[in-house]
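K.L.:
Heads up: the protein sequence lines correspond to chains A, Z and D, in order. Counting with this note's numbering, you get residues 122 to 256 for the letters of the first sequence. Counting with this note's numbering, you get residues 8 to 108 for the letters of the second sequence. Counting with this note's numbering, you get residues 61 to 190 for the letters of the third sequence.
Keep in mind the hints are simulated off the structure, nothing from the lab. Some hints here could point you the wrong way.
Unchecked claim - Each computed BS3-like pair below joins lysine-lysine, with the alpha-carbon atoms no more than 30 Å apart:
id : chain 1 : residue 1 : chain 2 : residue 2
1  : D       : Lys-90    : A       : Lys-183
2  : Z       : Lys-64    : D       : Lys-90
3  : Z       : Lys-103   : D       : Lys-62
4  : A       : Lys-127   : A       : Lys-173
5  : Z       : Lys-103   : D       : Lys-90
6  : Z       : Lys-64    : A       : Lys-183
7  : Z       : Lys-16    : Z       : Lys-49
8  : A       : Lys-127   : Z       : Lys-64
9  : Z       : Lys-16    : D       : Lys-158
10 : D       : Lys-158   : Z       : Lys-73
11 : Z       : Lys-64    : D       : Lys-158
12 : Z       : Lys-49    : D       : Lys-62
13 : A       : Lys-242   : Z       : Lys-29
14 : Z       : Lys-21    : A       : Lys-242
15 : D       : Lys-158   : Z       : Lys-29
16 : Z       : Lys-21    : D       : Lys-158
17 : Z       : Lys-29    : Z       : Lys-16
18 : D       : Lys-90    : A       : Lys-126
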Amino acid sequence: MSDIKKFMYLNRRAPYGTIYAWESLEVVLIAAAFDQEVSLMFADDGVYQLVKGGDTSDSDMKNFMPTYRTLGDYGVRHMYVDQASLDARGLTTDDLIQVEWEDWETEEEVDNIVEAVDTDKVSELLAESEVVFSF
Amino acid sequence: MADLYTVNKSPFEKNSLESVIKFSTPGSAVLLIEDGVYGATKGTTAESMITAASDIKFYVLASDLKARGISGDRIIDGIESIDYAGFVDLAVANDKVQAWL
Amino acid sequence: MKFTIQVNEGPYQHQATDSAYHFTKSALDKGHEIFRVFFYHDGVLNGTRLTSPPQDDRNIVNRWVELAKEHDLDLVLCVAAAQRRGLVDEGEAERNGKDATNIAEPFRISGLGQLIEGAIQSDRLVVFGD
């Protein structure tokens, strides 16, 4: 059987200007079937991926923002956001979507797995991961 | 516990080098490849960022330096120039590889 | 050690696929195992059999093909990324009603699960991109 590894998906790019944000999300969705320990890290322009209220109707692009809200159902327990990247962009966690999570077995519920962390914590979380995916 | 971080873009194009320096843990190795090798050159506004990061060991890929006409004497002191075999060795010696694109 | 290599960019546009190729070759020369080379995003374009680069430049697709044949490498193009970018094998042509195929042997088209499996089964994942 496979080992369980700590996976970290590192997101550093804004949505829509390039496809990396969406295609990295597709990896997360598929990876759910593999039962690994999955976290997402949003840093630099990656924090823009979680800003709520985007409307792509005039851009004729697929709005994949609602997909982030479902990540709790895809085995993602943590969505970390670099606080300094938010600050640099004039954002706060109030500007970001909230993502619910529930453990189906224990019925433990978390209202929001989107969590701002400081620089040292970002370093620590990346260092603790066993695999880092970059897009 | 230490990782190998790769940086492939110039510090004047993207903030990836800056971010790696910020987020890496002491004892980490940072390898500059492709356009990232420009970050290894002396006399740029990025030089102080590298020299200040005293708890990181920096490496630069020799073939990418050579392609860009950057000679050894123009590399910041202390940055070690390696080849792909060295790159592989770094990937093995460190716990994992993080690509900061 | 066992490596999985991820290539995020297409041939010539970015250096990523060159760096990935040289790393892969060096790892093999040193006796390491390459579990899989997984091509994602525009990286799937490395799998086309229809490039005609200038004679005086490296042939990126052929280089991967030769290395794969020599070392029995598993070169995988992500199906979702391939569908978006028009890389088609027999199965995809039939499924999606396309009148041609264009991938170079021995590249194969498969799902993102192959990348995840690679990351699980390998000692190191090394990503090359932009």
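K.L.:
None of the hints should be skipped; say for each whether it holds.
P.N.:
These are the hints, each one checked on the structure:
no.: 1; hint: D:Lys-90 with A:Lys-183; in the structure: 45 Å, violated
no.: 2; hint: Z:Lys-64 with D:Lys-90; in the structure: 23 Å, holds
no.: 3; hint: Z:Lys-103 with D:Lys-62; in the structure: 12 Å, holds
no.: 4; hint: A:Lys-127 with A:Lys-173; in the structure: 28 Å, holds
no.: 5; hint: Z:Lys-103 with D:Lys-90; in the structure: 18 Å, holds
no.: 6; hint: Z:Lys-64 with A:Lys-183; in the structure: 43 Å, violated
no.: 7; hint: Z:Lys-16 with Z:Lys-49; in the structure: 17 Å, holds
no.: 8; hint: A:Lys-127 with Z:Lys-64; in the structure: 25 Å, holds
no.: 9; hint: Z:Lys-16 with D:Lys-158; in the structure: 38 Å, violated
no.: 10; hint: D:Lys-158 with Z:Lys-73; in the structure: 45 Å, violated
no.: 11; hint: Z:Lys-64 with D:Lys-158; in the structure: 51 Å, violated
no.: 12; hint: Z:Lys-49 with D:Lys-62; in the structure: 37 Å, violated
no.: 13; hint: A:Lys-242 with Z:Lys-29; in the structure: 11 Å, holds
no.: 14; hint: Z:Lys-21 with A:Lys-242; in the structure: 23 Å, holds
no.: 15; hint: D:Lys-158 with Z:Lys-29; in the structure: 48 Å, violated
no.: 16; hint: Z:Lys-21 with D:Lys-158; in the structure: 39 Å, violated
no.: 17; hint: Z:Lys-29 with Z:Lys-16; in the structure: 16 Å, holds
no.: 18; hint: D:Lys-90 with A:Lys-126; in the structure: 26 Å, holds
Hint violations for this structure: numbers 1, 6, 9, 10, 11, 12, 15 and 16, all remaining hints satisfied.
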